[in-house]
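Student: Given the coordinates of chain A, assemble chains B, C and D onto it according to the supplied hints.
There are 4 protein chains.
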Amino acid sequence: MILFQCDYNEGAHPRVMEKLLETNLEQTVGYGEDGHCARAAGLIRKACGDDTLAVHFLVGGTQTNMTVIAAALRPHQGVIAAQTGHINCHETGAVESTGHKVLALPHQDGKIGAAQVEALCEAHLQDASFEHTVQPKMVYISNPTEYGTLYGRKELEELSAVCRKYGLYLFLDGARLGYGLAAADNELDLPCLAACCDVFYIGGTKVGALFGEAVVISNDELKKDFRYLIKQKGGMLAKGRLLGVQFEALFEDGLYLEISRHADRLADKLREAFRQAGFPMLAESRTNQIFPVMPDALLKELAGRYGFSYQERVDETHSAVRFCTSWATKEENIDRLIADLKRMRQAV
Amino acid sequence: MILFQCDYNEGAHPRVMEKLLETNLEQTVGYGEDGHCARAAGLIRKACGDDTLAVHFLVGGTQTNMTVIAAALRPHQGVIAAQTGHINCHETGAVESTGHKVLALPHQDGKIGAAQVEALCEAHLQDASFEHTVQPKMVYISNPTEYGTLYGRKELEELSAVCRKYGLYLFLDGARLGYGLAAADNELDLPCLAACCDVFYIGGTKVGALFGEAVVISNDELKKDFRYLIKQKGGMLAKGRLLGVQFEALFEDGLYLEISRHADRLADKLREAFRQAGFPMLAESRTNQIFPVMPDALLKELAGRYGFSYQERVDETHSAVRFCTSWATKEENIDRLIADLKRMRQAV
Amino acid sequence: MILFQCDYNEGAHPRVMEKLLETNLEQTVGYGEDGHCARAAGLIRKACGDDTLAVHFLVGGTQTNMTVIAAALRPHQGVIAAQTGHINCHETGAVESTGHKVLALPHQDGKIGAAQVEALCEAHLQDASFEHTVQPKMVYISNPTEYGTLYGRKELEELSAVCRKYGLYLFLDGARLGYGLAAADNELDLPCLAACCDVFYIGGTKVGALFGEAVVISNDELKKDFRYLIKQKGGMLAKGRLLGVQFEALFEDGLYLEISRHADRLADKLREAFRQAGFPMLAESRTNQIFPVMPDALLKELAGRYGFSYQERVDETHSAVRFCTSWATKEENIDRLIADLKRMRQAV
Amino acid sequence: MILFQCDYNEGAHPRVMEKLLETNLEQTVGYGEDGHCARAAGLIRKACGDDTLAVHFLVGGTQTNMTVIAAALRPHQGVIAAQTGHINCHETGAVESTGHKVLALPHQDGKIGAAQVEALCEAHLQDASFEHTVQPKMVYISNPTEYGTLYGRKELEELSAVCRKYGLYLFLDGARLGYGLAAADNELDLPCLAACCDVFYIGGTKVGALFGEAVVISNDELKKDFRYLIKQKGGMLAKGRLLGVQFEALFEDGLYLEISRHADRLADKLREAFRQAGFPMLAESRTNQIFPVMPDALLKELAGRYGFSYQERVDETHSAVRFCTSWATKEENIDRLIADLKRMRQAV
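Residue numbers (the working numbering), protein chains in the order written: chain A, 1 to 348; chain B, 1 to 348; chain C, 1 to 348; chain D, 1 to 348.
For reference, chain A alone in the conformation it holds in the complex (with noise of 0.2 Å):
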C-alpha cells in the first residue's frame, strides 16, 4: 500500500532529523528564546526582505490560525473566508471556540476575490442595524488553497488593497507554501507577502520539517503581546528550540524550496497521467496537490493499492478524490501508479 492521501505521511526530512539529532543534547532555554530560534527567524526575515518583521514559531495550522485570529479580533469582529477555507470547514470550529464568527463567501477554486470583501465590507457600513451583525475585520486566505490553487501577484494585491482601505487585516495561511512558491505557475515570493499580508506563516508540517508553522508578523498592531497568546493558546513548545532547528534546517541553504520543487515536479507529472488517462480535474492547479473526478469503481479498485482521500461526490457514478505529492514522495511510486492509470484507460 502506497499512501498519497496527504503530505504527513511521512516523518521529517532526513536533513531535518539530522539537524535535530546533531543538537539534541545542547543545552538552551526553553519556550523559543534558544539561539535557535532567533536564528531560523534571522533567516525568515532575511528570506522576506524586511528586518522588521516579528517571527514566531507555533507547532500545528490549526493552532496557529486559532492563536492569530483570537490574538488580532475584538470580540465582535469576525475573519471573512471562504465556504471551503480550513478555518471553516476542517477545524472542529477552533476559530469560533475562540469567540469569533467566520464570515464564509463562495469560492472559486478554493479562493476569493477582492470584490467579494469590497462588498461585504460595502453591506456592513450600509446596514442601518451594522451593530446587530458581526464586523468584518480580517480576510483570511490560504495559498495554496485547499483545492490546490494559487493566488495570482494581481489578486494578492488587490485584497491587500481592499483590506486597507476598510481597516481589515490579511492573514495568509500557508500550511503549504512550499508547494506554492515552488510551482510552475506561481507568480508570488516571500517579500511580497511579508509587504501584502498583515501576517501569514509558512508551514513546515506539510513542507519537511516533523511539525511547525513560522508565524510572520507586518503590522505592528498584531506584534504586541504575541507570546502571550500563543502560551493561552497552547502553543508554546517548552523545547522550542525544536521548532528553531527544524526552520533552520528548511531555510539555511534552500532546503524549503528544493524539497517543495521535487514534490511539485512529480505532481505535474502524476497530474499529466490523470489527464491521459481521461480523468479531468476539479480545480487546475501545479501546486501538490491534485484532484482528478474518476468513475466510483475504478476508485475502488485503486484504493486497494494506494491511500488516497475523498474529496467530494461530482454525480452519481463519479467523485472528485485527492492525491498528494510531499517532498517525501518516490518517484517510483509515482510511476507505478501512472502505470495503473495507464492501464485504466486501456480499460476504459
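Treat the hints as calculated values from the structure; they're not laboratory data.
We put the beta carbon where it would ideally sit given N, CA and C, even for glycine.
Among the hints, erroneous ones may be present.
If you want the footprint, here are the derived chain D segments under chain A, 3+ residues with CB under 8 Å [unchecked claim]:
| no. | stretch |
| --- | --- |
| 1 | 70-77 |
| 2 | 131-140 |
| 3 | 220-229 |
Selected chain B positions facing chain C (in silico; Cβ < 7 Å) [to be verified]:
| no. | residue |
| --- | --- |
| 4 | 50 |
| 5 | 70 |
| 6 | 76 |
| 7 | 128 |
| 8 | 227 |
| 9 | 231 |
| 10 | 232 |
Tutor: For chains B, C and D alone, kept in the frame of chain A given last:
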C-alpha cells in the same frame, strides 16, 4: 554555563531519538490513528492495569490542561486548584480563556486536601444564592506538585472519595509524573492513579521525550468525543505517530521509570549537598526539583556558572530558587555544583 | 410620522402596565424566585398542557438564544440554522461569542426542512475526518420566521423526528410566537410545541410586554442548572418579578392571543391593500410582518410619512421592505397607509 | 414579614413609573437610539461636567460588568479586583465566561488600594516568565463596595494614578452609586468619577428604577464600537427607550440623590440602633447596607419577622448578616425593627 533551571533544557533521550529516526520514513495515516499510537496506548493501558482506559496523546502541558478541562465542564462550572497550581499561575489564563473559573485554594507545599474540597463544596451547596456563584465540578492537582512534593496514597484516595461524594471529576496533572513515581518516598503507581482519578496525564516533555503528554481517561463521561476537543483546541498533531513512537520508546521496556530514577537520584545527591552546605529547603520533596533558600549574594555568584530559576523572595537577603535534574543531567555537572556549594559553606 | 418598522415601537399593552403599577410596591424576593414568576410559569405550563415543563423568564431575545444554546452544547458542537436565522444574522455573533459555530443552511422563505437536517447529519457521520468538523447537536428554527412565515404541523413533527433520530436538540425561537399562533394559516399550538421541541420560547417583548421572553424546557437534560446559565450570561433580572407579572397579565385571561389576533388582522388588511395596489410580497405569510416589493421611487415617497425597514434589494429599481403591525397598531393608521397605497396604485 | 435583604425588593419609584406610563404609547425607534435615551445621556453628561463622555444604558449589573470588561480586554489580559468584588464572587463566572481571569487581591472592608495594584503590576513586569501569566490590564472596584464602604477621594485618585502609570483601565461598578454619593461620609462626586475612571456605571436597578445601569465612558479607546458589544452580550434592549425614560426621571430634577439620601438616613438610624443594642458592625459604612454581627439565636428570632441576608460566620455562635434600606424603605418599618432590637438588648 551549566543549565539546571528546568527539565526541558535538552532534546529527547537517545533511545527516543533513535526510534524517531528508525520510523522516520514509514508511511502512516495522520492525526494519531496510526499503529504506533495504538501500540503506545496499549502499553499505557497495560501499565495502568485497565484495558478500558481511553488514552490520547497531546503535545504539551498547557494544551492538555485546557483541553481536558474544557471537555469536562459546562459553562457555569469551575475547577478547584491550589493557588500554586500550574493552571492558576503559569498558563496565561488558558483555562479562563475557555470560559471557566479556577477556584483557587490555599496550598500546603503545593498540595490541597480533601477537607478543603469538601468545605468548598458544602459552602456552595449551603449558599442561598448558589446559582450566583461558579459551581465546583472538577478538582485539579499536580503530582509532583509545583513544589516537587507528592501526594500520599491516602491523600489521593481521600481526594478521590470527596470528589465522588460531590460529583466532581478528579484530574491529575502528571507533567513530571515519572519523577514522582520514581521518588524514594513515592506511594503511588499507575493503577492507583487510574483508579482514583477520572482523568490524568503522563508527562513526556519533561521526562525523556521531545514533547508529548499521554492523557488517560477512566471516566466514561469524559471519554465521549474527546478527539473533537483535541482538534478544536489545536492539539491534534498532523504527524500524530511522533507521539506514539515516543511513548512506545518510553513504555516498552521501562525507560520512563529508569530515566526518572536517574534524575531523582541526582536530585537527592544535590539536595543533600545543599543541606550539608547549610541551605534549607523551601519545601520537602524527593523528586527532581530542589528549592534551596540561599543568600542573594551567593545566588549572584552561582548565577555566573549555573542556570537556575528564581522561585520567590524569602526575606530581605534570601531567596528560594529552583534547580532541576532530569533524565539528561550528567553526574559530573552535579559534582561540579556540589564542589562549589562546599566551597560556599566554607565561605559562610 | 407613523412607525411600522418593527413591533417594538411602543411600550407595553395597557393591561400589562396596569399590573406592573398595581404590584409596584409589593415586596418580593429577587431573581425570579417570587410568587408572580411561579404563577406565570404555572399558567404557561397549563397552556402547554404539561406540568413537567421548566419555565424561566429572560429579558430579551438575543440573550435567550445565547443562553439556551450555551447551556445545551459542549464546546465542539454547533447549532444548525437557516442562513436567515436571527442567530446567524442579527445577533452580532452572540452564539459564536459563547464558542459555538452556527451551521447555516439555505432557507425556503426563512424555513429549513427535515431533509436538510438529515443530509447534514449524514454527511457528518460519513465524513472520514468527522472529528475535524463541528458536530451538529441542535437545530434552531424561528416561528414565525424572519420572513413572517410559519412551520406547518407536519414540518415541525418531521424536524422533531429527525432531531431525535440523530440526537439533536430542537430549539424554537418564538420571539413573535403570538403572531404565529393567532395567524389565519397557523397549524400549531403550545402543547404541540412543547411536545416537538426540546426547548422553545414565548416572546413577550414583541407581543405586549415591556420586555421578556419565557423559556419553556421539556428535555430534562436541558433543565439541569439552567438558572446558573441565566445568571452567567447576564439575563437574571434582579427584580425578576417584573417578568412574572407581565407574563401573568399576558396569560391569565388570553391577552397574549387576543392582542396577537388584532395585529394579524390588521396585517392581513394591509397585505391585501399592498396586493391590490399591485405590489407583490417577498414571502407569503399571514403573520404581523409584511414584505412588499416596491419601486424605490415610491418607497422614497412613503418614507416621508411612514417608518418601515429595509429588507433587501430585489432588482435595480425595486426593493423589499418590511412593515410590521403589533398589539399597539391603530386601525386608523393602517387605513391612512392603505389610502396612500391606493393613490399610488392610481399613480402607477 | 418585612423585607430588608436587598435594595431591589420593590418595583420602581412612583415618579419613574409615572414617566413610563406617560410615555407608554409613544412611538420611538428601538435599541436605545430614541430621544429619551439621548436626553438621559445628556443629563448624565451634564451631571458629570463633561460633554465628551459616551453614555450607554444596559439592563443589569452582571451584564454591564461582563460587557465592559469583554469590550476592554484582549484575550491574555485580566482584571484586578478585590476578592470580595462582585465580579469575583457573585456573577457565576460571567467574566471568565468571556475568557478573562479575575486577578483577586485581598480586601480591606471590600476595598483595594493603589499600593496593592502597583505591587501586582511590578511583580508581573519583573517576572522572567511574565508571558506565562495573565497580563493585568484593568482594575475593577465597586463603590459603595460589597461591604457598603466608600473610597475616599485620595484613595480613588491614587488608584487612578497607578492605573495610568501602568497602562491599566480603571472601572468603577456603581450598582449602588447613589447610596454612596448621598452618604454622610462621601467624598466623591460624578465629575470626579468621570475624571478618575476610564469607565464607570451609575446603577439604576437598586436606586429607584425598575432596572437599568448607565455606563459612562471617558477613555476614547473604550468608546469604540461599544454598542456592538452591548448587542453581542445580550444587553441591547429592544425597547431601549425604557432605560432612557427611567434615567430621565432619575436625573432631570435630582430624584436620584434625593431618594438615595432617604435610604442612607434610614440606614444611619438603623445602624445606630444596632449599635445601641450592642451589636457591632462587620464593616464601617454610612451607606444603605448594614452588616451587624449578632448571636445566631437572636438572628433566628428576627428571621420570623424580617427578611435579611446571610453574610458570613463570625464565630461559633455569631454571624454577620445584611440589612438594606432603599428608596422604598418606609420609616415605620425601620421603627418597628428598632423597637425589636431594643427589646433584644434588654433580653441580652
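Student: Take the hints in turn and mark each one as holding or not.
Tutor: Hint check results:
no.	hint	result
1	70-77	holds (count 5)
2	131-140	holds (count 3)
3	220-229	holds (count 4)
4	50	violated, 24 Å
5	70	holds, 5 Å
6	76	holds, 4 Å
7	128	violated, 10 Å
8	227	holds, 5 Å
9	231	holds, 6 Å
10	232	holds, 5 Å
Violated hints, listed in ascending order, are 4 and 7; each of the other numbered hints is respected by the structure.
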